[in-house]
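Full structure from sequences and hints, please.
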Amino acid sequence: MAKSSVTTMSGAMVSRAIVDSFKKLDPRIMVKSPVMFVVEVGFVITLLLSFDPNLFGGNYGPHSGERAFNIVVTVILFITVLFGNFAEAIAEGRGKAQAESLRKAKTDLSANRKKADGSYETVAATTLRKDDVVRVIAGEMIPADGEVIQGLGSVDESAITGESAAVIRGAGGDFSSVTGGTKLLSDELIIRVTANPGESFLDKMIGLVEGASRQKTPNELALSVLLAGLTLIFLIVVDTLEPMAIYVHGKIDVATLIALLVCLIPTTIGALLSAIGIAGMDRVIRFNVIAKSGKAVEAAGDVNTLILDKTGTITIGNRLASEFVAVGRHTEKELIELAVLSSLFDETPEGRSVVDLGKEKGVSFVREKYHDAENVEFSADTRMSGLTLVDGTMVRKGAVDAISRHVIERGGSIPEDLREKTDRIAMEGGTPLAVVREKEIYGLIYLKDIVKSGMRERFEELRKMGIKTVMCTGDNPLTAATIAKEAGVDDFIAEAKPEDKMRLIKEEQALGKLVAMSGDGTNDAPALAQADVGLAMNTGTPAAKEAGNMVDLDSDPTKLIEVVSIGKQLLITRGAITTFSIANDVAKYFAIIPAIFLYVLPQLGALNIMALTSQRSAILSALIFNAVIIPLLIPLAMKGVKYRPMSATSMLMRNILLYGIGGVIAPFVGIKLIDIIITWLGMANI
Amino acid sequence: MTFSGVVGIITVVALVLILSIPLGGYIHRVFTGERSWFEPIFAPFERLLYRLIGVNPKVEMDWKVYIKSLLILNFVMALFVYLVFRLQGVLPLNPDGVPSMNWALAFNTAASFVSNTNWQSYAGESSMSYLGQMVAITYLQFTTAATGVVAAIAFVRGVVANRSSSLGNFWIDLIKVHTRLLLPLAVVLAIVFVGLGVPETLQGAASVHTLQGASQIISRGPVASLEAIKQLGTNGGGYFNANSAHPFENPSTITDVLQILAMALIPTALIATFARFIKNRRQGVVLYVLLTSTLLIGAFVVYANEAIGNPMLHHLLGLSGPNMEGKEVRFGVGLSSLFTAATTAFTTGAVNNMHDSLMPISGLIPLLFMMFNTVFGGIGAGLLNILMFLVITVFLSGLMVGRTPEIFGKKIEAREIKLATAAMLVHPFVILIPTAVALVTKAGTSSILNPGLHGLSEVLYAFTSAAANNGSAFAGLNANTTFYNVLLGLVIMIGRYVSIVAMFAMAGSLAKKAVIPESVGTLRTDTYAFGGVFVAVVVIVGALTFFPALAIGPIGEHLQMWAGHLTR
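Listed in order, the protein sequences are those of chains A and B. Using my numbering, the letters of the first sequence map in sequence onto residues 1 to 686. Using my numbering, the letters of the second sequence map in sequence onto residues 1001 to 1568.
In case anyone wonders, no lab produced these hints; they're calculated from the structure. Hints should not be assumed to be uniformly reliable.
[To be verified] Derived PhoX-like pairs (lysine-lysine); straight-line CA-CA distance at most 25 angstroms:
hint	chain 1	residue 1	chain 2	residue 2
1	B	Lys1411	A	Lys216
2	A	Lys295	B	Lys1411
3	A	Lys216	A	Lys642
4	B	Lys1442	A	Lys251
5	A	Lys468	B	Lys1442
[Unchecked claim] Taking beta-carbon pairs under 7 angstroms as the criterion, some of the chain A residues facing chain B (in silico):
hint	residue
6	Val133
7	Asn219
8	Leu221
9	Gly229
10	Pro243
11	Tyr247
12	Leu511
Beta carbons: idealized from backbone N, C-alpha and C, even for Gly.
Rendered as structure tokens:
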């Protein structure tokens, strides 16, 4: 999906969400959220009472104001339900908009399918089945998910990744997987289809972003149970209040009881719960990561161990010059001059890094001066590159053994300390490049793995979250140790084979830990499946993508770290709004209980600490506050509570202060304000 | 409040803490099978018992078998004592000729004693034979206390188990609580009580001639033995109707202090035992501090209100001074206040003063403590309730720190929350609904002694006491009617067994889970920050639920009293 697709709420989205919130009033849909269902039932009862205030007994005359009061309560309850539905609809709206743009990529595709006799026929893409073979020519859309079995070509995958740069796809290896709905830009590919209609990657994505295939996550399920339990408790509280009132010769009308019930049950979290879940998935998607289930996102928040590949994840893929080591009787200055000269026209990252390091050490040449020199590019054959100057002088840099052979062939001698210094660099995990002028070796360039900037800090953050990082690399233990130390990971596996990853995951899991990893190759697939969170790269093989429970469309393995944060944020948001919702009850009790017993127990007025104007304004203020808080918290539910890595206890303190204590105080202020407004409008004695 | 009163309260509570820590360690050793110096005395005796009842001490039980054994034993015991109560009139050891009980009273009493509640709709001296006192009452005061202890221990075993289903062996555990904990303590305490003037005899009531020349019948019997286990097992069911206010049950200040110590000892020690089991001293310390503070706050609120006394008396009659109605002069206001707080915090239910006569806010405290049921709580059951609220607290706060909540290394998932919620629902269900029913039926209201809000408190108190398995009464309410006997009996049973079964199912589910190692990201439960949240959850869930009832009960009564409003 295009990154720019839907980042803000558009007017169209809001109006569609409003329509949807009415559609969701259907009790069959409402019953899925027990808390809000109770509000809807309350609404129906007060609606009936608005027509006949004495429907359930009572003796309210036309001048008692009971009908008007019932109508007002009915309206507020209706709005409360709508607010809840709106929150869910607006969260779904984003996904729907994204799904639509995805669907566009899918429509009206046709395919050239290979017939049994080897010729091709044109069919609709929807008729393609697994193991069909199709041919795609430059400029055509790839009709289905598949694996390239023949050919090589560049593919525009922006429809799903939002990344405009084309990617290369070809037969064999880890870059053979193509996605339906993407466009072949060059050449021709023969593809074996790997997914039946409706099961393709795009279909799955559409289902996910639409929220259609959304299932309640384990934590959401547990929270729903708790909320239903609390609702039941408050139903008992309210139902038993009437008999107690009768005993003290009081009388409470049904609308007031329903108002009290709705105020006490956790409507705030009940209304926002599914919106929080949907928005959490949506945040993951906006990071261009497709989570196959909400459970995977939640699990990401719980991860204890993170397994990361070294190359491309922790280090940038290329090695860069970090040091010049002179050999024999040559000085460092001579070596640097020669090294820079050899790399003057070398456009590889390694070559550029040599020039840059030379500049840092005060050596630079003006390229124009050497325009006439012949640039010799690196070839697999010679394994060296460099310049042949106008006077015929050969300046080369290259693999130490290749250079040594080059020197010996020309009758030169190998400096005695070359071997020892080469070994040192290799031992430390670097790659040595020898620099030679004619038949004289001047020294070595120390090429080193470079840890991506900011990785150290991120690992530090992870440590603060209590997550251990393990680096996996094919390097020898010494090299691995050097990089591990530099990057600040907690542990590493050197000379790692895919089985080692698997073993590590199982070991950690046996200790009760949750493990996350990323991978792209087919040989990563078992480990991806075993890991609790397996982030597969979109560039990876179909097997890897099938095995992981998340797919990163940008193929950036460091995204695991973001996904962990989002997973945590999702839980925190739920916890914070639940706490807020329950804490709100304190103020609501103080508003409603004295109001209910105003006439039979006037002394209870002492509990009316907010000094609310009248019985009815107190009840309505509490009820209005209860409704209004829902849309006020929608932005928080959508954006998620801010998450900063810190110790669990300080985070608990912070969130309790904000949402617990805040949740006790806020309604006191809010209810009082609403009461002032009601009084000012002259509606306090409705 | 007097200085000596304040110091007295603090000293007694401090004594409880000091004694409970080593006892907690001892209980831990008993249940982990560590050898103690009691070994040579008890082990052969226990082995004999195992052989007699045909128990293989090596068999381990999962939660279902464990709870089944517990429930079957409880059912059989209930049936047995029911028959004793129904037939005591014709059975031996009945020198005073006490008649058999009717079915409702017998049901109520059996339910009450088999569940460690000890709610008494009867008056001991006139309605219970010596046989009943000994083989029904005193016997159950041992076994039901033991049942509470083993339930808590089995749950804790589930918490610390790593991918196992075994919670121990019910019969072994039950016998060990008797032989190694309750019997030794009770024997020593009973002898001390005898030395301090509590009677222990099988002779019938004494007939004496007073100085005025009149003759008086003075009830007596095997009191000291019952008294010891009554407190140690947080039972609370007294020998006499006046319970620990009676001079034979509780003759002096020293016996009074001993009684408070005895009732507080084991529930408090179990917290220390729990901390040993989970190998987390700090957790124990945090719980000790929070629960002790709550207990002290409660005790001082009662003390303050009692010390101030009734403003109406001052207003109408010019009387001022502490509220002495329903109190024994020999204990004074301070010790009476502490007794009131302790007997409800530890859900014992013994009383040394009449709670019905307390000032309204003083009456609110015992109500609240019983509603919480977690301020140490009753023997075993208290720890279970604390753990239930810990699970809920961990769930909420775990979400707030962004991790799937875990308690002591065990993940809390939908099943645990479902069971904790079920346990949490029990109280509102069995307190509010029966109270409401009683308040609007003739059968319910006709037993109420005082009109107005105080009457509501009487009914609310009765059902709260039954639900919390406390057993203390807010006297005033005539509970010996078919209506109250049956309803209270049912409330007692639901209050005891539904939450135990729910908690056992949770223990079974926790036991099977792998222990997750602690990391920086783990939410620690042994901090005061978490402890604060725990208290807030207990208060909001445990008490806010009852706020409307309390508002028109004791709170309303308090406000009316200070507004000078008299209920007619």
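These are the hints, each one checked on the structure:
{"no.": "1", "hint": "B:Lys1411 x A:Lys216", "verdict": "holds, 18 angstroms"}
{"no.": "2", "hint": "A:Lys295 x B:Lys1411", "verdict": "holds, 15 angstroms"}
{"no.": "3", "hint": "A:Lys216 x A:Lys642", "verdict": "holds, 23 angstroms"}
{"no.": "4", "hint": "B:Lys1442 x A:Lys251", "verdict": "holds, 19 angstroms"}
{"no.": "5", "hint": "A:Lys468 x B:Lys1442", "verdict": "violated, 67 angstroms"}
{"no.": "6", "hint": "Val133", "verdict": "violated, 45 angstroms"}
{"no.": "7", "hint": "Asn219", "verdict": "holds, 6 angstroms"}
{"no.": "8", "hint": "Leu221", "verdict": "holds, 4 angstroms"}
{"no.": "9", "hint": "Gly229", "verdict": "holds, 3 angstroms"}
{"no.": "10", "hint": "Pro243", "verdict": "holds, 4 angstroms"}
{"no.": "11", "hint": "Tyr247", "verdict": "holds, 4 angstroms"}
{"no.": "12", "hint": "Leu511", "verdict": "holds, 6 angstroms"}
Hints 5 and 6 from the earlier list are contradicted by this structure; the remaining hints agree with it.
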